[in-house]
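Engineer: Listed here are the chains, written in short residue letters.
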Amino acid sequence: MAFSALYANKLRSLLTMLGIIIGVGAVIAMVSVGMGVRSNVQESIASLGSNMLIVSPGSSNRSGPRSAAGSMKTLKYDDAKAIQSKVKNIEYLSPSVSSNYQIVNGNQNWNSSVQGITPEYMNIKSLSVESGSFISSDNLQKRERVAVIGTTVASNLFGDENPVGKNIRVNNQPFRVIGLLETKGQSSMGQDQDDVVLIPLTTAQERMLGITHVQSVSVQVKEAMYMDQVQEDIETLLRQRHKIIGGKEDDFHVRNLTSLMETMTQTTTMITLLLGSVAGISLVVGGIGIMNIMMVSVTERTREIGIRKALGATFSNIMMQFLIESVVIGVVGGIIGIFVGCGLSSLIAALGDFTTVITWAPIVVSFTFSVGIGLIFGILPARKAARLDPIEALRYE
Amino acid sequence: MQTKDEIVIRLQGIKKLYQMGDQQVAALDGIDLDIKRGEFAALMGPSGSGKSTLMNILGCLDRPTVGSYQLNGREVAHLSDDELARTRNKNIGFVFQNFNLLARISSLDNVALPLVYAGRGLSERRERAMAVLEAVGLADRAEHMPNELSGGQRQRVAIARALVNEPEIIMADEPTGNLDTKSTREIMEIFQKMHGLGRTIILVTHEPEIALCANRQLLVRDGVITRDEGKGVVLDVV
Ligand SMILES: Nc1ncnc2c1ncn2[C@@H]1O[C@H](COP(=O)(O)OP(=O)(O)OP(=O)(O)O)[C@@H](O)[C@H]1O
Ligand SMILES: [Mg+2]
Numbered sequence: 447m448a449f450s451a452l453y454a455n456k457l458r459s460l461l462t463m464l465g466i467i468i469g470v471g472a473v474i475a476m477v478s479v480g481m482g483v484r485s486n487v488q489e490s491i492a493s494l495g496s497n498m499l500i501v502s503p504g505s506s507n508r509s510g511p512r513s514a515a516g517s518m519k520t521l522k523y524d525d526a527k528a529i530q531s532k533v534k535n536i537e538y539l540s541p542s543v544s545s546n547y548q549i550v551n552g553n554q555n556w557n558s559s560v561q562g563i564t565p566e567y568m569n570i571k572s573l574s575v576e577s578g579s580f581i582s583s584d585n586l587q588k589r590e591r592v593a594v595i596g597t598t599v600a601s602n603l604f605g606d607e608n609p610v611g612k613n614i615r616v617n618n619q620p621f622r623v624i625g626l627l628e629t630k631g632q633s634s635m636g637q638d639q640d641d642v643v644l645i646p647l648t649t650a651q652e653r654m655l656g657i658t659h660v661q662s663v664s665v666q667v668k669e670a671m672y673m674d675q676v677q678e679d680i681e682t683l684l685r686q687r688h689k690i691i692g693g694k695e696d697d698f699h700v701r702n703l704t705s706l707m708e709t710m711t712q713t714t715t716m717i718t719l720l721l722g723s724v725a726g727i728s729l730v731v732g733g734i735g736i737m738n739i740m741m742v743s744v745t746e747r748t749r750e751i752g753i754r755k756a757l758g759a760t761f762s763n764i765m766m767q768f769l770i771e772s773v774v775i776g777v778v779g780g781i782i783g784i785f786v787g788c789g790l791s792s793l794i795a796a797l798g799d800f801t802t803v804i805t806w807a808p809i810v811v812s813f814t815f816s817v818g819i820g821l822i823f824g825i826l827p828a829r830k831a832a833r834l835d836p837i838e839a840l841r842y843e
Numbered sequence: 044m045q046t047k048d049e050i051v052i053r054l055q056g057i058k059k060l061y062q063m064g065d066q067q068v069a070a071l072d073g074i075d076l077d078i079k080r081g082e083f084a085a086l087m088g089p090s091g092s093g094k095s096t097l098m099n100i101l102g103c104l105d106r107p108t109v110g111s112y113q114l115n116g117r118e119v120a121h122l123s124d125d126e127l128a129r130t131r132n133k134n135i136g137f138v139f140q141n142f143n144l145l146a147r148i149s150s151l152d153n154v155a156l157p158l159v160y161a162g163r164g165l166s167e168r169r170e171r172a173m174a175v176l177e178a179v180g181l182a183d184r185a186e187h188m189p190n191e192l193s194g195g196q197r198q199r200v201a202i203a204r205a206l207v208n209e210p211e212i213i214m215a216d217e218p219t220g221n222l223d224t225k226s227t228r229e230i231m232e233i234f235q236k237m238h239g240l241g242r243t244i245i246l247v248t249h250e251p252e253i254a255l256c257a258n259r260q261l262l263v264r265d266g267v268i269t270r271d272e273g274k275g276v277v278l279d280v281v
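Chains X and U supply the protein sequences, listed in that same order.
Per my numbering, the first sequence runs over residues 447 to 843.
Per my numbering, the second sequence runs over residues 44 to 281.
Just chain X, with the same shape it has in the complex (with noise of 0.2 Å):
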């Protein structure tokens, strides 16, 4: 009965799914994107390593003027030794340097990123070495012109020759290829991971850079449960060594990549649920809309319900009979909102070349929420309905 009165009005009843139908569409599209923005942030901090605290230059003030991160000096790689032999519960520690320089290999010459790097960044990046050798301590002591390039430099400056034991030009000086790196394809935020030239940081800092410092220095930490324990150590090991006592400010600051990521996902979550509630506002406006047209349609109808009156219809039939027409509305604007809700994240994710993730809840939630709406805003007109005196609504022409 409800759908055949639903039925007859097809394109009326369709306009008044539509608020319903944007309601949660924008809802499910939003949210997917918050849900991406999300899972970026945490899959890129995650893909630096897990129990990972990284050192770097410079105070974690944020009052007055700063200088790029890892552009200051104090940060020396006698510290990162410091930090290693001194401080326990560590597993791995990797000080580095980077740089862009031009690399040339006769004729072909290509523009990467080079980064002087100590044997344990293999283990703290988790890299392997598909034909080769990485950089060995031996490599790091004499500052040897070696390099172990990614698959996107081999490919740019070798075509399908195999690299290892050739030489390149970095920035004018003879390296030699002592290692290939496996694939490692693109980062979560887009980055060409194979698109690196490792050399031995000594090696960069005395002959490249002419620096003593290094621009940070990774450290991964044995167990979850070491983490503050090992950054404490840190910084009292480097106040120590850098002289700095009492309330004077650090020159140097140790993050802790698991809370920075508990921060982001906390901040990703509340602009999730912010995209999420302003789609939502619109499902209420859906919800007013068929208030709108069931307050129409009861008028229209009235003479439809004197007749069902009188032939015995009683408040509960009538009521009974609006509400679940309301509540249709509600569920089948929502069932359509759900897919055009995930039509539209895929085109947003297709279009914007943005990763969005469609999860259960904001579907179901938004889906309990459009029936809700039907029902609540259903409950005046049904009752309007319902309440009609039987004389009066045959009467009406």
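Hints listed in this document are in silico derivations from the structure and should not be mistaken for laboratory results.
It cannot be assumed that every hint is accurate.
Label-pair ranges, simulated between beta-carbon atoms [as the list claims (entries may be wrong)]:
#, chain 1, residue 1, chain 2, residue 2, range
1, X, W806, U, N141, 47 to 57 Å
2, X, V742, U, G64, 26 to 36 Å
3, X, T805, U, H121, 57 to 67 Å
Incomplete in silico selection of chain U near chain X, CB under 10 Å [as the list claims (entries may be wrong)]:
#, residue
4, N99
5, G102
6, D125
7, T130
8, F139
9, D152
10, P157
11, V159
12, R204
13, N208
14, K225
15, C256
Listed next, the stretches of chain U that the computed footprint assigns to chain X, with coverage defined by at least 3 CB atoms under 8 Å from CB atoms of chain X [stated by the list, open to error]:
#, segment
16, 131–138
17, 141–151
Glycine included, each C-beta is placed from N, C-alpha and C at the ideal position.
Add chain U with the ligands to chain X, keeping to what the hints say.
Structural biologist: Relative to the frame of chain X, chain U with the ligands by itself:
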């Protein structure tokens, strides 16, 4: 078999008052009336005399301002809306001047509607609706929409609807008012057949020859019954 003398409807001192501005209008001004089972009563009277008002009260669509209405010995004058609705569904079948069929559903579904509110199952509804449609000679129009039928056919569908839940009383307010003479004759034949089968019928009409089909003629004037002819005569066969 129930006795012919059994009183189905007993009205005592029924008044219906309407407040028009600061003055009261009595649409019904003290009606006393007994209707026996199986009677076929025609209600006549000038326009505005209160016939429809009386029919509405008799049909439990409306409540009297004062007075007592016993239907089958049960006082119904002051029942709640839902109790009145159930009484209408069970005891009364309506036939209106303007048919009052639902336009969007088929004849069969229209006829079956009272059974919906009586809580019957779908198959029983269809079966019984089909049977009464057959009885009014419209079995072949069961799936037609009301707007595909002539006026006379629509009124026959409406009569089928009034009969489907087997009420003891049929109320018809000017059922032939919108029909031509041929359809009027068909409709009146059905009413007489129903009367012959022992059903109680109350019918409002403006036409004396239609009133003569009934076995009792009541004249209403200014809210009171001024003439009552053929009282108590129940015809077994027409
Ligand atoms: N809702 C109402 N409010 C005020 N007065 C009313 C109302 N309903 C009916 N009346 C009055 O009651 C009187 C009787 O009306 P009713 O409809 O019963 O007449 P009727 O005999 O059926 O007339 P007709 O033959 O034209 O159908 C009329 O004077 C009418 O104006
Ligand atoms: Mg009338």
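Engineer: Are the hints correct? Go through all of them and say.
Structural biologist: Here is how each hint holds up against the structure:
no. : hint                        : result
1   : X:W806 x U:N141: 47 to 57 Å : holds (54 Å)
2   : X:V742 x U:G64: 26 to 36 Å  : holds (32 Å)
3   : X:T805 x U:H121: 57 to 67 Å : holds (59 Å)
4   : N99                         : holds (6 Å)
5   : G102                        : holds (8 Å)
6   : D125                        : holds (4 Å)
7   : T130                        : holds (8 Å)
8   : F139                        : holds (8 Å)
9   : D152                        : holds (9 Å)
10  : P157                        : holds (5 Å)
11  : V159                        : holds (8 Å)
12  : R204                        : holds (7 Å)
13  : N208                        : holds (8 Å)
14  : K225                        : violated (26 Å)
15  : C256                        : violated (24 Å)
16  : 131–138                     : holds (count 4)
17  : 141–151                     : holds (count 5)
Violated hints for the displayed structure, listed by number in ascending order: 14, 15.
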